[in-house]
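Protein chains in written order, with the numbering used here: chain A, 1 to 135; chain B, 1 to 405.
One or more of the hints may lead you astray.
Each computed DSS-like pair below joins lysine-lysine, with the alpha-carbon atoms no more than 27 Å apart [what the hints assert, rightly or not]:
#: 1; chain 1: A; residue 1: 116; chain 2: B; residue 2: 220
#: 2; chain 1: B; residue 1: 398; chain 2: A; residue 2: 22
#: 3; chain 1: B; residue 1: 83; chain 2: B; residue 2: 163
#: 4; chain 1: A; residue 1: 120; chain 2: B; residue 2: 31
#: 5; chain 1: A; residue 1: 58; chain 2: A; residue 2: 125
#: 6; chain 1: A; residue 1: 58; chain 2: B; residue 2: 398
#: 7; chain 1: A; residue 1: 6; chain 2: A; residue 2: 125
#: 8; chain 1: A; residue 1: 81; chain 2: A; residue 2: 120
#: 9; chain 1: A; residue 1: 79; chain 2: A; residue 2: 125
#: 10; chain 1: B; residue 1: 91; chain 2: B; residue 2: 31
#: 11; chain 1: B; residue 1: 319; chain 2: A; residue 2: 58
#: 12; chain 1: B; residue 1: 398; chain 2: A; residue 2: 125
#: 13; chain 1: B; residue 1: 220; chain 2: B; residue 2: 163
#: 14; chain 1: A; residue 1: 6; chain 2: B; residue 2: 319
#: 15; chain 1: B; residue 1: 66; chain 2: B; residue 2: 119
#: 16; chain 1: B; residue 1: 31; chain 2: B; residue 2: 92
#: 17; chain 1: B; residue 1: 210; chain 2: B; residue 2: 31
If you are wondering where the hints come from, they were derived from the structure by calculation, not from laboratory data.
All figures in this text were calculated on a predicted structure; none of them were measured in a lab.
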Amino acid sequence: MAYSTKVLEHYNNPRNVGSFDKDDPMVGTGIVGAPECGDVMKLQIKVNPLTGLIEDAKFKTFGCGSAIASSSLATEWVKGKSLDAALGIRNTEIVEELALPPVKVHCSVLAEDAIKAAIKNLQDKQANAPQTVNS
Amino acid sequence: MFKLPVYMDNNSTTRTDPRVLEAMMPYFTEKFGNSASRNHAYGWETEEGVDLAREQVASIINASSKEIIFTSGATESNNLAIKGVAAMYKKKGNHIISASTEHKAVIDPCMRLERDGCKVTFLPVDKFGLVSPQQVADAITDKTILVSIMAANNEIGTVHPMKEIGAICKAKGVLFHTDATQAVGKIPMDVEDMGIDLLSMTAHKMYGPKGIGALYVRRKDPRVRLDAMLDGGGHERGMRSGTLNVTGIVGMGMAAEICRKELHSESERLLKLRNRLHEGISSKLEDAYLNGHPIHRLPGNLNISFAFVEGEGLMMGIKDVAVSSGSACTSASLEPSYVLKALGLGDELAHSSIRFGLGRFNTEEEVDFVINDVVRAVNHLRDMSPLYEMHRQGIDLKTVQWAAH
């Protein structure tokens, strides 16, 4: 199966590979997927306490080229967005942007889930430790 | 320098040897007759070509030329052997024994027979992919008519003890079929010594053309009979009707002839290349595990799981190398290779596997290029693997509660 040029581009030059300290109160971490399914995505967001916007994002992915490209794209898209706006990112937009074939749609679903899981993790943290965060 | 991508997928198919093509060429042009035309020279000369090829193909497995039935390939040979025996011997019994790591071209005909009332036992394998002769002996019942165990596995290269399994079948009076698609031309195969009654083979795995294969059917001690699947002109002793694929047959004959003459030196050379590849990779990468048997395996086959890296993603990273993976990320099921799973390998390591298939045309320079490319790509992907990160942090991945999707 041939890959789209956009998938290849993200695979060869993945954006925002890396990790934040998951204990940082301004960092939300989402880990989705399972090794036995052949995909695991870890997506992290870092929120600016003053603006409430996602100022940075990082990912690490175990998976095929489409999974790596989907998570790379997801980190690009969440940057600069509010949490609500980031929650609005749909997997179908990722499918469209990367021209993913039907067998690779699950990669985009996983990326959407990873964004949601990271945001939920951040919100859970903030609910449990309100004194450190005022947004 | 060499051509990119480097072809290292010779368990999938092989390049046609130029000597094979040369032998075939006249049969596309001036020698175009139907080998069944008995009444003119056009028929005679092609029949001569077919006769020679039949001898050549028989020789490589120590059979008689009368025992060779030409087919379209190993899939057809397997179907004909298994279904043909089941139909012909149904009064004697309805039990078939095979193995869980067989090729789909054996498993699926068996499963179809199961739907039609046969009983099939798929023997489990050990961690190296081996079925033991004892397992076969224990599984045989008074209803067993056929044992079908592959000579060498297509994914992991594990070679079965043919002679021991053959002896058990003979002692119990059960027919022994082997899918020797990967073995013929690569390791010595001898139907007499190994007690094989039916043997499937194909030309394109041994540097011959695609679309031509053969089934060896024993003619004495015992004389094996088959119910044909294709009826028609009664070609191939009535077991496989249809005008013979003369060009393919001539090519298969030449391919077998070359393999027979060069088997010893070629397998030695391939073993050296494989060891170079294996050592080159393992000396530069941690957590690269060999799948299949360390000793009883095809000389050209190397199957490695690169922990923390997904196989399809890795193949994308080594785009200058043509290999295959046990990961099934492209299939709708997301299920990785059933062969690797049968070894007891976790799904995650099955997803991380790459099969390197070395062949006649691979060189040392290519092997060195592949080592460097694989090491670079694995390191690159591990740097972005959350599993590798967890492993480095000392987290046991087996204890993690994954949110399966």
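*Honestly, which of those hints from before does the structure not fit?*
Hint check: 1, 4, 7, 10, 15, 16 fail, others pass.
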